[in-house]
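**Student:** Chain residues, written in single-letter form:
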Amino acid sequence: MNRLSHVALGKPIRFTFDGQSMMGHQGDTLASALLANGVRLVARSFKYHRPRGVFAAGSEEPNALVTVMHQGHPEPNTRATVLELYDGLVAKSQNAWPSLKFDAMAVNDRLSEFFAAGFYYKTFMWPAKFWEALYEPAIRRAAGLGALSTQEDPSQYDKGYLHCDVLVVGGGAAGLTAAVQAARQGSRVILCDEQAELGGRLLDELDRTWLAQTLADLQGAGSVRVLTRTTVFGTFDHGVYGAVSRNTEHLANAPVQATKQTLWHITAQRTVLATGALERPIAFANNDRPGIMLAGALQCYALRYGVNPGQRVALFINHQDGLLTARALKAAGVNLVAVIDARTNVQPAPDLPHRVASRVQDTRGRHALRSIQVLNDRDQSEWIECDALGVSGGWNPNIQLTSHQGARPNWSESIHAFVAADNKPKDQAVVGAAAGRYDLGQCVASVNELLGGDWPIPPCETARPDDAHAIFQVPGDGPAFVDFQNDVTVKDVKLSHQEGMISVEHLKRYTTLGMATDQGKTSNIVGLAVMAELTGRSIQDTGTTMFRPPYTPVALGALAGRSRGLDFKPTRYTPSHQAAKARGAEFVEVGNWLRAQWFVQPGETHWRQSVDREAQAVRSGVGVCDVTTLGKIDVQGRDAAEFLNRVYANGFAKLAVGKTRYGLMLREDGIAMDDGTAARLREDHFVVTTTTANAVPVYRHMEFVSQCLTPELDVHLISTTEAWAQFAVAGPNSRELISRVVDLDVSNEAFEFMACAETRLKNGLRARLFRISFSGELAYELAVPARYGNACFEVLLEIGQDLGATPYGTEALGVLRIEKGHAAGNELNGTTTALNLGLGRMVSDLKDGIGRVLSKRPELIQDGKRLVGFKPVDPQHSLLGGAHLLEIGAPAKAAHDLGYLTSVCYSPHVGSSIALGYLADAEDRQGQTLRAVSPVDGSDVPVVVCSPHFVDPKGERLRA
Amino acid sequence: MLIPHPLLGPRDASEFVYKGDAALMNRPDGFADDAPEAFVQYAYQRSNPRGAHRELWFHEQGDRSWLIVTRDTLTHEVLDCQLADPRRAGGSQ
Amino acid sequence: MLEFTQNPVVASKLTLGPWRIDQVTDCSLTSISTRAQDLAEVQNRLDQPLPQVGQCHGDAGQGLFWSAPFQWMRWAPYVDAPPTHDEFGELAYVTEQTDGWIRLDVQGADFSPILERLCNLDLAGFTPGSVQRTQIHHIGVFVLSLEDRLMIWVPRSMAHSLVHALTQAVENHLAQAALA
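Chains as they are written, first to last, in my numbering: chain A, 1 to 960; chain B, 961 to 1053; chain C, 1054 to 1233.
In case anyone wonders, no lab produced these hints; they're calculated from the structure. One or more of the hints may lead you astray.
What the hints assert, rightly or not - If the Cβ cut is set under 7 angstroms, some of the chain B residues that face chain C in the computed set are:
| hint | residue |
| --- | --- |
| 1 | LEU967 |
| 2 | ASP972 |
| 3 | ARG987 |
| 4 | PRO988 |
| 5 | ALA992 |
| 6 | GLY1022 |
| 7 | THR1033 |
Predicted model only: the values in this text are computed from it and were never measured. In this text, a Cβ means the ideal position worked out from N, Cα and C, and glycines have one as well.
Sequences are here, hints too, so could you generate the full structure?
**Tutor:** Written as C-alpha cells, this is what we have:
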C-alpha cells in the first residue's frame, strides 16, 4: 500500500472496484483509496478510449468517472475524487469493454485521425438510409460514458427553503473568515462547502493551526448555519441561489427516509463568494497518461490522504507556488526526482531537484506513466524515469457563480487569469483565491477589506502570481489534450481555427471543448489561450465563454424532490368521494381533481354498460351527480351587476333577485373563453359559476378586470368553489326528490326554471338551490356545506330509491349534454366565437362587454361555421372526435374542409353514435350527407347533418 | 426572481402569474368611432423593449393583487412595483 | 330521515415526532371585505381590532387574519347559519368560507425545521401574530403563527395531500436527525 506515515488514517474499511476487493480507510475518497492500492488505470476516455487515471482531487475531476451502486441502484458518472468511501462500497469503471485493461474500443485511438473535432459534421452522411439503421444505433452504443439504470430511482429527495443576510459560498480560508466576521456583525449567515469537512485547501497543508483556531471561532460565532457536503450550483435572479446537500451518499446503510439529497432554494441579501481557485494544466504530447495529475492534487493526496503518489515523482510548474508544493511533498516523504520549472528568470532552488527554463514535451507508458521527456533552455531533451507527474500552469479563480447571470469575466494580465466581471450580480462580492488573492494572508486581508474587519494577517509563504511564466502548451508530436473528458486536443483547436471557427463560442461548440460534465473547469483557459496564440490576439481580446448552472451536475431526482408519482401534484377530492367510491365509482383525473367517471354496478363488465344505464336512468327517473368541481365565485358589491355586464357578453343588470342566467364570457379578441351561470341571491350578491378547467383562469381574469380595468366599480370577489358540495339532481323525478329533502316550495309556479334561493334542508342544514340544467331534463343543483358532502349524496340516493335515483358520473354527464347540444370545453376550444356557438345574439350591443368590439371582425364573421349535430348514416358506425367534415367525393385536403367534430358519444336514446361539430353553411346543409374523415385513424364515415338537440328538441322537459 | 410587493415585501416570482404589457390597462372606449382599430392596437401591438418594461403580474398565491412591475428585460432588475388598483394601497388602513 | 354525518377528518390528534396535528372541525370561517373609506366604521362594529398587513391575532376559539387589501378572514366557533349581511350592511361584504378550508393546528416543539422543508417563508420574521399565504407542495395555504400553536388553513379538497406532505417532511427530518 502506498501510504505516507504522517497522516493518521481512519478505521480500515473494505470496498470493491471492478469486482476486486480492496482496503481503504474512513476518510478516504474512492480516488485516494484506489491510488493507495496502486490502482492507476481507472477509466477509458470518451472518444479515443485512452487509458486514464485520477487527474484532480476535487469536483473538477475530468477522468475518474465511475458507476457506484448506491443502495443497490447504479449511479453513473460519479467522480471518484468526491465519492466518500464507506464500508462495502461497490464501484465500477465505465466506457470500457470487456475490461479497463483490454478495451476493444481503444482501436479508436489508432483511428484518431478520423475522429478529429467536428468529424460527425462530415461523416455518417451517406447513404442517407444508413443513418437510422446503422450509424445512429452504433453511435449511441459508442457514445456517452456511464449507462443509465432503467429502474426507478429508489432514493427519496427533498427540498428546502432558506433565508439569510449573508450567504458564504466556500468554507476555505476566506470563507471561514467571512462567515465568522459576518456573524459577529450580527448577520444571519449560511456557510456552504461542497466537501464533508471545512477548510478547503488548508486541509492539504501539514500545519493546521490557523484552521483549528478559526473553526473554533466559527463554533462560537452563533448565528451561522453550516451546510457541508453542499454545493451551491447556481446563481439566479435577485440573490436567489440553488444548492444541493448530499445527505447519505457517504453512508453504507442510511434509511431511505433520511433522503439522499436536499435541494435548497436560498434567498440571500448578500453573498460572499469564497469559492477558491482551480489549478490549470499545461498541454503537451501524451499529457493524459494515468499518473499525470494537477500538482495541487498530488499535494492533496500526499498530505491530506497520506497517499504516496509514486516511487519517482516529478513536477512541471511555472510559478513559485509550484515550489511550495515541491517542498510540502518532500517534507511528507515523497521521492521527488525533478521539479521542471518553465520560468527563465529564477535561480534553481538548492533544496530541490529544480530545473529552470525547462519544459515537459512528451511522456511514455500505456496503462501508467513510466517516463517523461524534458527539454532544457537549449531545447536539448532528456528522458527521465517517472511514475507520477504533477502539472501546474497556474490558478484560475473559480468565478462561475458570477457568470451565471450573463456577466462575462475579465482577463487580468497581472495574475494571468480571468476574474469576475464588474457587472456581476450586485449582491455578490468575491474574496480570497476566487478574487486572485491566493495565499492565506491575502485571503484574510480580502475579507477584512470587504467586511471592515481587522483580523490579524497570518504569516505565510507568499505565492507571487506575478512571477509566473505564462505557458499553456508545449509544442511536440503526439496528442496534447486540452479537454480530458471530451478528448479535445490542441490539434482540434488548430483545426477549429483552420475552419474559421475562431471565436471562443464557435471553438467550444465545434470542438466540444468545455461541454462535458466538468464544464471545462480544467480545460477552458488552455483551449482559448491556444486559440489566442493562433489568431495572434491577446487573451483579453479572445475572451471566454460564460458559464451556466449547474456548477457540478445535479440529479434530476433532486430537482424533482417530492414531485414524483402520485405526489407530483396535489390530489383534489370532491366532498362525496368516499360515498361515491363505496357505490362503485371509477374515478378520472380532471386537472388535479378526481371525479367519478361512472359507477360500476354488479354484473357490469364494460364501461358502456354503466354509462348507458346512467344516462337512461337520468332521463327516465332521476340522477345525482357531484358537480362541486365547477368554479364558484362570490361577486358582491354596489356595482356587482354592472361588473358582470363588463365581463359577460350578455346582460346582467336586469337579472331579478332569485333568478339565474346563463352567461358567455369572451376574450378581448372576441373568442369565447368560458360559459357558466350567474345567480342573483341579493341585489348586490351574485354567485358565478365557471367550467371546472377554467375556475382559476376565470377568477384571475375577473380580478384583472376589477383591479386594472374597472377600479371605479365597487365589487368584491372571492372564490367559494370548495365551500359548497354541489349536486346536480336531474330527471323527470327530480322535483319530487328535491321536495323531499329541501324545505322549500319547489312547484313549477313557486320555483320556475332558472330560479335560485338560499334555503335550508328539512333537517335544518343551510343550503342553496338552483334550478338549472345541463342535461336538458327538469333539473336542480343543490349545494350544502362541503363537510356534509358524503351524507348529502347518500341521503339523496336513499330517499330517492323509489324514484329510481341513480348516481351518475362525468361520462353520462357528457352523454346527456351532447344529446342536448350544450356546449362545453370541447366547443369552447380557444378558436371559436359566439357566432360559431349559435349564440351571436347573446353579445349585447347595449354595453361595452369584453370582447364585443373584436368579435365583429370580418375575419371572425366570414368563418361562417355553426354548431350542429351529426349522426352516422349507418348506426353501427362510431364517430371520432376531431374528424373533419367533407362533401362526398371531395379530396381529403384542407381546401375542402367544411368543419370538424368536437364532441362524440354513444347515445342510448338515439341508438347510435352522435356528435356535435362546427360546420360551414350549416343551415343550408341540414339533412345533407357528408363524410367525417380522420387521417389519425384512417376513418371515413358517412354522416348526416342534423339538429344538435337530439333529445327533446323543443326543450319541454326543462320547463316542466 | 423576486418581486418587491408594495405591501408584503419581496416575494418569489413563483407566487405570481404573468399577464403581459401594462398597456393592457388602457382599454379603449368600445363605443368610440375608431374602436375597431383601437382594439386591434390594444390586443395585438406590443413594443417589446430591450430595457425597462412595464408589465402586469398577479399575486395568485398571495394576496391576489395585480401589480404593475417595471422590470429591465435584460438584467431582470426590478425598477418599480406598484399596486395596479389604487384602492388597494394601504392594505389595511 | 336526514341523518347528516360529517365527512371524515383528515388528521385527528396525529402525533408526528414531537408535534401534534389536529383538524379542528368546530370552527367557522368568514371573509370580510370592505373599502378604505368604510374601514373605521367596520372596525367599530367588530369587537376586536382588524389586523395589519401580514398580521393575525386570536386563539384556538376565535380570531382574525389579514388575507388581502381590505379583506380579512375571521374564525369563530362553528354555527349552522350563513353569515348575515346585516352585520355590516353595505359597509362590508361577508362570504361564508367555513367548509372551503380545513383548519389544522400544529402544536408541540418549534415547527421551523419542518416549515423550511415545505414553504418559502422567511421564518426569522415569522413570529407570533404573523400570517402568510404560501405554497406547500403546490397547495396554497394560509399559515398563522399564534402564541401556542401554528394554524394552517388548507383548501378542503387538498387537505389529504397537505397532511401527506407534512407527514413526509416530519419523517424525513426525524430520519436525518437520527443520522447525526
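**Student:** All hints are to be evaluated individually against the structure, with a verdict given for each.
**Tutor:** Each hint, compared with the structure:
1. With 7 angstroms as the threshold, the beta carbon of B/LEU967 comes within range of chain C, its nearest partner Cβ sitting at about 5 angstroms, so the hint holds.
2. Satisfaction of the interface hint for B/ASP972 is found here, the shortest Cβ-Cβ separation to chain C being roughly 6 angstroms, below the 7 angstroms cut-off.
3. Here the hint on B/ARG987 is broken, as its CB sits about 22 angstroms from the closest CB of chain C, past 7 angstroms.
4. Nearest Cβ of chain C to the Cβ of B/PRO988: about 28 angstroms, over the 7 angstroms cut. The hint is violated.
5. The interface hint given for B/ALA992 is violated, since its Cβ lies 30 angstroms from the closest Cβ of chain C, which is over the 7 angstroms cut-off.
6. Here the hint on B/GLY1022 is kept, as its CB sits about 5 angstroms from the closest CB of chain C, short of 7 angstroms.
7. With a cut of 7 angstroms, the hint placing B/THR1033 at the interface with chain C is violated, because the nearest CB-to-CB distance is about 25 angstroms.
In this structure, the hints that do not hold are numbers 3, 4, 5 and 7, in rising order.
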